[in-house]
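S.K.: Work from the hints to combine the two standalone chains into their complex.
If you're matching them up, the sequences are chains A and B in order.
Numbering-wise, the first sequence is residues 1 to 369 according to my numbering.
Numbering-wise, the second sequence is residues 1001 to 1378 according to my numbering.
Take these hints with a grain of salt, some might be off.
With the C-beta cut set under 7 Å, the calculated list includes, among others, these residues of chain A facing chain B [to be verified]:
| no. | residue |
| --- | --- |
| 1 | ALA21 |
| 2 | LYS59 |
| 3 | THR61 |
| 4 | GLY63 |
| 5 | VAL98 |
| 6 | VAL102 |
| 7 | SER105 |
| 8 | PRO134 |
| 9 | SER135 |
| 10 | GLN149 |
| 11 | SER249 |
| 12 | TRP347 |
To give an idea of the chain B side of the interface with chain A (calculated C-beta under 7 Å), a few residues [claimed, not checked]:
| no. | residue |
| --- | --- |
| 13 | GLN1030 |
| 14 | ASP1034 |
| 15 | GLU1081 |
| 16 | VAL1282 |
| 17 | GLN1297 |
Everything labelled a hint here was simulated from the structure, so no lab data went into it.
On a predicted model such as this, the values are computed, not experimentally measured, just so you know.
All residues carry an ideal CB built from backbone N, CA and C; glycine is no exception.
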Amino acid sequence: MRRLWLLLLLGLGGVAQAHIASNGFLVARVQGPEISGSLELAVRDVELAIGVDANHDGKVTWGELRASQPQLLRYVGQHLGFLAQGGACTVQLGALQVNDRVDGSYAWLPLSAHCPSAVQRLSIRYSLMADIDPSHRGLLTLTAGELAQTGVLGAAGNADFEVYSPSAWRTLLDYLRAGIWHIWSGIDHLLFLISLLLPAVLIRRGRRWEPVTQARPAVFSILKVVTAFTLAHSITLTLAALDVVRLPSRLTESVIAASIIVAALNNVFPVVTDSRARIAFAFGLLHGFGFASVLADMGLPSGARLLSLLSFNLGIETGQLAVVLAVMPVVYALRATLLYRRAVLPWGSAVIAVIALVWLLQRALPPMV
Amino acid sequence: MRRQAFALLSLLAPLAGVWAAPYVPRSDAQVLADLPAGARHASVATRELTRTRLDIALPLAQFYIARARATGDLRFLGYAEAILTPWMNRPEVPTAVLVLHATVLQSRHLFDASLSELERALAQDPTDAQAWLTRATVLRVLGRYAEANAACGHLAATADPAITTLCVQGLHGLTGHLPGAYAAIMALPQQALPPEARAWRYSELGEMAERLGDDRAAEHWLREGLAVAPDDFYMRAACADVLLRQRRAPEALQLLAGYESMEPMLLRIAIAQRMLRDRGSVRTNDLLSTAFSVEQQRGDAVHRREQARFLLDVSWQPAAALAAAQQNWQVQREPEDLLILLRAAQAARAPAAAAPAREFLRRNQLQDARLASLGVSP
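Next comes chain B alone, as it looks inside the complex (with noise of 0.2 Å):
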């Protein structure tokens, strides 16, 4: 009994993180949990309405995409997808709602299953510009430029000029256009721009920024994105980035506070602290050495690209961040990702695990300063 106690434990220690015993409260007053809106049981009820109602459903379904997008938490995918199940099983599939499936699908990694339905949406629908849009983003993401750009081709016909602009040159910027594309985002007059592409342009910019080595100019680019779009944790994962590199952690910390509930954002911020020898690394490694075992358990790939990081950076062990950063190559393929498959390899004394990164990087003369630091270029 004493040795399957231990052995369960043994077992559960890494998901729990800290072992702790479960217990009975000592006081009815104790607080369990905070609610986050839209997450009560109240809410169930108005979802009932959503299986009939479209003009409720989609609205609530991109309610909660969009909180998970600014809270970083996975829950509400879930809700999004119970709202979008019962309309996606029925014989004819409205496009919207087609398209915020994908929306959900790309936000779970599942990128090959996304592209699918926006096949089926784009066929109902050539000129749904969201759609266009998101098939850029999801190809982006996978490294296939060409089609890529040809979704961008098709935004013109429909959306702002300034947003086929920003999709296009994002994508000449990848592959060996990178001063051009940059200029000529550059040139966009940030005022007169829709306000969905304000955030976006200055995103763009401190990503290429970063990749042309110029790390001030991304600094100023991300500070002012998140100006006007605080909440978007790419530009504030990327703005620590830079900051992290420059080794200037106690800023990057004070960049990332408040932003402890995301992956990302913690991965920086476990980096950081390790720079710092804080006392507070402990429980920050706790939290995500957890929360990807459990990922991993689970069989989500979500965080893969931060499980590698977090492998090579954090707690130094390059056989496994190798591993991590292959498996994480098989599901995207952005600067990033080969960033952290080169930087494995290297680390892990493996150059043949990165002939596939170094192939790619060859066929899309992509541009990257920080690779030249690895002693690689195109």
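The shape of chain A in the complex, shown without the other chains (with noise of 0.2 Å):
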């Protein structure tokens, strides 16, 4: 955004204070008729709208805060409140504590109500802070058994959701869609794996290629290729996508980059030309960080982790299939051809090692600002 400028500005200096905007932070977890969590507003919030700071001396400490709690618990309860389909939930809200975030403290305090009947829709209403500062949004996070969803409060009225909503499928095939879209879209992932498929249907004899003469070999060595790299990518995404395993991902981006420059070069000047399926299976490590990084970008629903990320795992095995299927029966119909050993091979090779260079060099190198 751009500097206004403004004809009549007063000279200010400035004390550097938070540079988020106002947000209370509203976790509610329902079962059955029973709602439980926890509500966290700014302590610089909590002064504004009750007057904390006793002894006018621009800080707020704990010993003032714990002695406002009754008017800050009749604050809350006057502006928070939970509707279920059934009527209005009883709120009672606990002992006060603190909670230190990274733009500053807050007041943390535990919540439970209880509705008349088992919560299907829940009404919230939020309006704390909103006469004093209308930007003030209350971030929602609402549980209900495997189901995790988020949403705003505070804009306008009151905020309706589904506690109940039977989103499994949903998950299921946006995550499937999302991991066939990757392996389409994330070129340097099929170019690697074309790279160590190119020579499956051929067999090195001395310093020559020669076609295979059944097609059973050539299915053979194409099959265990993709499951060493199915095998690999999927433990090393799983562990990725669950955070028990990081790495940065301008190493993983970068190292992919030279997975494809190995495997590409090592059809120009076979190296490794009877096990391919361990070249395949030690880079697809490295592969599946990355398709990590995209689940990361996507986000995993706190509740179905486990089903979206199996989804997107196999999303991303169905675009491999379709696309080894596509390439290989005419790989191997061109397998014979002097076209297929002298020029395809390895000189496509070579193609994808220097497109794979350029890559490498994009993303080792630092960021030019």
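M.R.: Okay, structure coming up:
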């Protein structure tokens, strides 16, 4: 955004303060007619709302905040309410604590509510801070069983939420599609796989490539490579998605580019000719981290992490299989031609290696600002 | 139960940055918050007065807007809005209230809403210089240069001629006449300018020098400007960018020290720390990603440009960076926004995504040396 010049601006020095807009954090877990959770408001906001700084020294201490607990509970009681389909729920607030967030300390209140019947539709009234700071919002995390949803409160009127939405199927489809799409648009993974598969229809004899005479060894060789790649990237994708292992994405992206160079150059100057499945496995581990970064961008719904992870992986395998099924029959048919052995395999691989080298340089070098 | 707790933890972790459990402080004396001026409960009583007294409401709203600009603290915009709201709900809204409300809206990047408030204001008082200037600024941010130019033209009748020159030449510099506009603004005599235009002149010169590819001159102008207006965080951020482009990360950190609370500054700190492989980067990145994820959940787009650059230059997630840059391009269209979109598209290997930016570039004949290094020209 560009600075707006004000013609009559007062010259004011500034002390730096929090840089995040005013937010409250509401967590609500629904179980039958019961709701449990917590509410957090920034100590700064609490001061504005009810006046906590008793000695007017410009600082709020824990002693001052604790002394204002009754007013705070009353204030929250007036401005926060839950309404289930059967009527209003009675809200209970517990003993005040403090939570430190990156932008400062928050007053943290445990909360429970009892509703007339099992909650299916929840309406939340949230008018905390509304008259003092209309840009204040309540950031809601609502969980019921395995499903979690988020919402923004306080913009206008009540916010309504369906508590039991059968979105597991939806989740599955969404992540399946994302997985398929990523293997198609993630051309680097495809180039790696193709580099490994191009020689699968040939056999290295001495210093020459010869076509396989039967389909069986070719199919077997393809199966081995694809299985090894799948197994390897599934392992690391799972580990990374569940936050067990984490690698800097610049590193994984660079190594993925390097893996393509290695696989492609191996076709031009063959070193490993009989166990490409091992290369597929070793580098597949790194490609898994690459997939994981896409998943990290999308985010895993917390209630359905395993389901979405599984669907995403299934999507990747589907996309991959489609590519193999489309490319390999053509390659198999061409295998005996001189064109394939002398041109497509070595020169095609060389081109792939060059492309990957460019990516490697782009990814490994520090950014230009 | 454990599974639920785990699910919850994983959801909140990015929001909280580092997961910290609530606790009961050991001592009553522990300080939980330092209250900035104007953000105390006592001020709420004054705010009550502003419901009926325009002579109190206007300066107080102006004060909060100024605080928001000087500190980057978005809460102050909310306080200003709270004061303006009762006046906005009246059948006849005072022009000054409309103009201030438009200022708040443009600070929140709600540009269309800001423009319609300004239209109302100008319908009431076609000679309101601030309204024309704000309108020119918003239209310039949106890349609607011809309309912005018309708004600048309306300034001539009421504002200082130097203000009109800055307004008009600033636009010429974006539409194919960069060297001429640079010379015209340089020719404005610094001493004769009204005080509010001095920093503006330096800022415009600094940005133009950057686009001309003269980083030495850019640094000179921006440092001069910061001497006049140390609180101008646009100039400070621009100056940091000039330093970072020359890989002078330690100097950039020095320039930004004390401004960590503003996301645009924190972003440049993160980039500098990356260059230096500084350990502090973990916390900086944590702060930034938390701020961005909270903003995203709120549905705000105030720092989408910074977010795109963070994803590209710090955490290296080209696909996500491109998505953010594209969203940002829907909101604002300054050279910086063009640059991040083109770079992200290149990094994500999605040249088609940059087509709108290329079209914009071609249509406006925008000249920018930083684009040349990307292999792009109008």
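S.K.: Work down the list of hints and note, for each, if the structure agrees.
M.R.: Structure-based check of all given hints:
1. ALA21: holds (4 Å)
2. LYS59: holds (5 Å)
3. THR61: holds (6 Å)
4. GLY63: holds (3 Å)
5. VAL98: holds (6 Å)
6. VAL102: Hint on VAL102 of chain A: holds, closest Cβ of chain B at ~4 Å, below 7 Å.
7. SER105: Given a least distance of 4 Å, the restraint on SER105 of chain A holds.
8. PRO134: holds (5 Å)
9. SER135: Status holds, d = 4 Å.
10. GLN149: violated (10 Å)
11. SER249: Hint on SER249 of chain A: holds, closest Cβ of chain B at ~5 Å, below 7 Å.
12. TRP347: violated (22 Å)
13. GLN1030: holds (4 Å)
14. ASP1034: Where the cut-off is 7 Å and the nearest Cβ of chain A is about 6 Å from ASP1034 of chain B, the hint holds.
15. GLU1081: The hint holds - GLU1081 of chain B has a Cβ within 7 Å of chain A, the shortest such distance being about 5 Å.
16. VAL1282: violated (11 Å)
17. GLN1297: Holds. Min distance 5 Å.
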